[in-house]
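Throw the hints in and build the complete structure from the sequences for me.
Number of protein chains: 2
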Amino acid sequence: MLRVGINGFGTIGKRVADAVRAQPDMTVAGVAKRTPDYEAEIARDRGYSLFAAAETTPFTAAGIDVAGQVRQLVAASDVVVDATPAGVGERNRALYEELETPAIYQGGEDASVAPVSFNARANYDEAVGADAVRVVSCNTTGLSRVLAPLEERYGIEKVRATLVRRGGDPSQTGRGPINDTLPDPVSIPSHHAPDVKTVFPELSIDTMGMKVPATLMHTHAINLTLRATPTAEDVRDLLTAEGRLLVIPERLGIDGAGKLKEYTRDAGRPRGDVWENCIWAESLTVEPLSDGRADCYLFQAIHQEADVVPENVDAIRAIAGLADGPESVERTNEALGIGCGLAGIEPDTTAPARDAASDD
Amino acid sequence: MLRVGINGFGTIGKRVADAVRAQPDMTVAGVAKRTPDYEAEIARDRGYSLFAAAETTPFTAAGIDVAGQVRQLVAASDVVVDATPAGVGERNRALYEELETPAIYQGGEDASVAPVSFNARANYDEAVGADAVRVVSCNTTGLSRVLAPLEERYGIEKVRATLVRRGGDPSQTGRGPINDTLPDPVSIPSHHAPDVKTVFPELSIDTMGMKVPATLMHTHAINLTLRATPTAEDVRDLLTAEGRLLVIPERLGIDGAGKLKEYTRDAGRPRGDVWENCIWAESLTVEPLSDGRADCYLFQAIHQEADVVPENVDAIRAIAGLADGPESVERTNEALGIGCGLAGIEPDTTAPARDAASDD
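For the record, the sequence lines run as chains P and H.
Counting in my numbering, the first sequence runs from 252 upward without gaps.
Counting in my numbering, the second sequence runs from 252 upward without gaps.
Derived from the structure by calculation, the hints contain no laboratory data.
Mixed in with the good hints there might be a few duds.
One copy or any two copies: either way a pair holds, since identical chains are not told apart in the list.
Said to hold, decoys possible - Derived EDC-like pairs (lysine to aspartate or glutamate); straight-line CA-CA distance at most 16 angstroms: (1) K448 - E402; (2) K510 - D435; (3) K409 - E538; (4) K448 - E408; (5) K448 - D361.
Next up, the structure:
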């Protein structure tokens with residue numbers, strides 16, 4: 252059993268811990284936190300060994316036992332997942348390197364934090380045996396998952412995407428905007444396009460970012476100029492066969508993130524998490540252009556708290572050399588129940604047959 | 252003085268009435284309303300002759316004098332502006348035709364309501380002497396204004412625009428969404444692309460629509476593939492020279508609709524109205540493509556309650572044959588103060604000289 256330490260037990264860290272615990276081939280060595288807040292109570296209630304990321308005194312004062320300092324956790328781990336706030340991961344890097352513990356960073360870090368920026372669907376093999384891996388951000392993960400099969404099947408001349416981002420997560424009560432729509436950043440491209448290129452170095456992509464008064468999910472309006480002229484149905488079948496893409500049929504009556512998350516809560520998903528990209532089937536549109544090219548359009552919703560969680564699990568397997576990509580993805584999906592539990596949006600078995608393991 | 256009747260005294264009608272009154276060559280014959288609510292009080296306080304669009308009894312009961320029925324207003328008007336809710340204009344059409352009063356409809360009506368769909372910058376001449384004209388919607392007006400100079404100067408191969416629309420106006424308290432981002436419509440293109448084609452029949456354009464929990468303005472993320480490779484500065488200068496486009500310099504520190512509207516309120520604009528498209532200067536980006544083409548990007552904010560108001564005034568002049576396009580636009584702009592009163596975003600006089608009258 253691979254021992255995985257998780258440094259940071261906030262939005263991502265607590266989800267990664269639960270996801271690691273659900274896997275057959277890894278275990279949670281412990282989690283590290285700075286403050287004895289409600290999430291520390293959750294760590295204790297879940298039975299995770301809790302390590303202090305800074306001082307132990309506040310935990311002792313709050314009556315919460317700690318197993319030691321974060322340094323001890325890193326030393327006792329085969330792999331560490333750094334789920335600290337953006338920029339803190341870079342500061343933790345010296346510790347991981349000193350203790351020679353392979354580290355997984357999150358997409359809030361600069362790409363230079365690790366030699367590989369990772370998406371399980373797009374470039375798993377590059378992370379195998381690396382010393383450090385950066386799992387790209389929620390938006391870049393969402394883009395990478397949908398771009399990979401389209402690039403492989405049709406070739407992509409150019410991507411133009413508008414990312415309408417949630418202002419903050421539900422728990423980030425200090426964030427905005429309220430009643431406004433902010434170009435963010437105002438300059439073009441937003442940082443997402445270069446970030447996608449850390450996964451697809453040759454891709455031509457421009458992104459425009461905005462922030463709106465919503466907390467549940469990001470919503471992407473995507474245009475792709477393809478080097479082929481498939482039908483909208485071809486594209487729908489291709490995407491439906493992908494394990495981490497949910498193509499939402501019209502009959503479900505899901506008009507936005509609210510109903511999507513209501514659906515996953517009803518289905519019993521932990522925290523109502525949506526690990527998959529949610530693509531509206533009706534939005535899949537293909538418009539032939541000249542020279543055998545076509546403009547393809549789609550809307551997708553991305554759950555910013557959850558979509559990188561299975562990617563972190565796969566990054567752990569890649570860095571530890573536990574499995575190849577398709578095998579890891581299959582194991583992660585099965586352990587978490589990705590692609591299951593949501594009636595009516597199972598992978599379409601009438602779609603052109605593809606090797607199940609390579610679908611993800 | 253041209254006598255203008257205004258049927259409907261809601262968001263658009265009350266603004267059109269005030270704008271007509273501010274013109275040197277037209278007068279408000281009266282306004283018609285269905286209910287004696289707060290906007291009826293405003294009509295009375297402004298001194299407009301108030302006509303009942305339906306029953307007179309509720310007005311009498313509320314102690315508000317009415318000058319008669321809407322039929323009398325239409326008969327007494329040289330031109331009528333129909334500013335009733337979407338779909339009601341079509342039902343009023345028979346009355347205007349019976350009384351042979353030329354009519355201006357709003358963009359909520361189907362394009363078939365009138366022989367001409369109108370934008371002052373793009374196709375003023377088509378409306379001259381027509382029996383009926385439809386002023387296109389706020390979003391289509393905003394798109395038409397920015398597309399016209401770019402099409403004329405560079406040629407446009409294709410437009411791809413994502414329209415992040417406010418959920419409702421500030422007074423529309425029953426609308427949503429709350430805390431969600433809705434693809435709306437989910438299908439592509441949204442109705443905006445065909446609507447733009449009522450003004451630019453030859454244009455290749457796709458639009459994706461969304462709705463968000465904001466009330467102040469729409470925000471457009473626009474990509475245009477141009478048939479030329481100008482610099483971003485060329486495009487900025489071209490757009491800055493347009494009277495109804497405000498290119499917002501970075502130094503103003505305006506990050507969204509909230510600060511934009513705060514600025515116009517501080518400047519003393521009536522109701523804080525923003526009649527112009529507001530284009531973020533930093534967002535203007537040009538990326539050369541192959542074959543002498545270029546991808547141009549920009550963000551713009553559109554005040555849905557206000558941008559069609561000067562267009563209605565110009566449509567009145569066109570339909571009545573009072574002036575040619577550049578003359579009407581200049582008169583409207585001067586009477587309302589368009590392009591004035593906002594320090595630092597005056598038209599850039601260092602830009603390539605163009606005939607002032609033809610700038611709009």
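So, going through the hints one by one against the coordinates:
no. : hint        : verdict
1   : K448 - E402 : within (13 angstroms within a copy, 32 angstroms between copies)
2   : K510 - D435 : between (26 angstroms within a copy, 14 angstroms between copies)
3   : K409 - E538 : both (14 angstroms within a copy, 12 angstroms between copies)
4   : K448 - E408 : within (14 angstroms within a copy, 26 angstroms between copies)
5   : K448 - D361 : within (13 angstroms within a copy, 44 angstroms between copies)
In the structure shown, no violation is registered for any of the earlier numbered hints.
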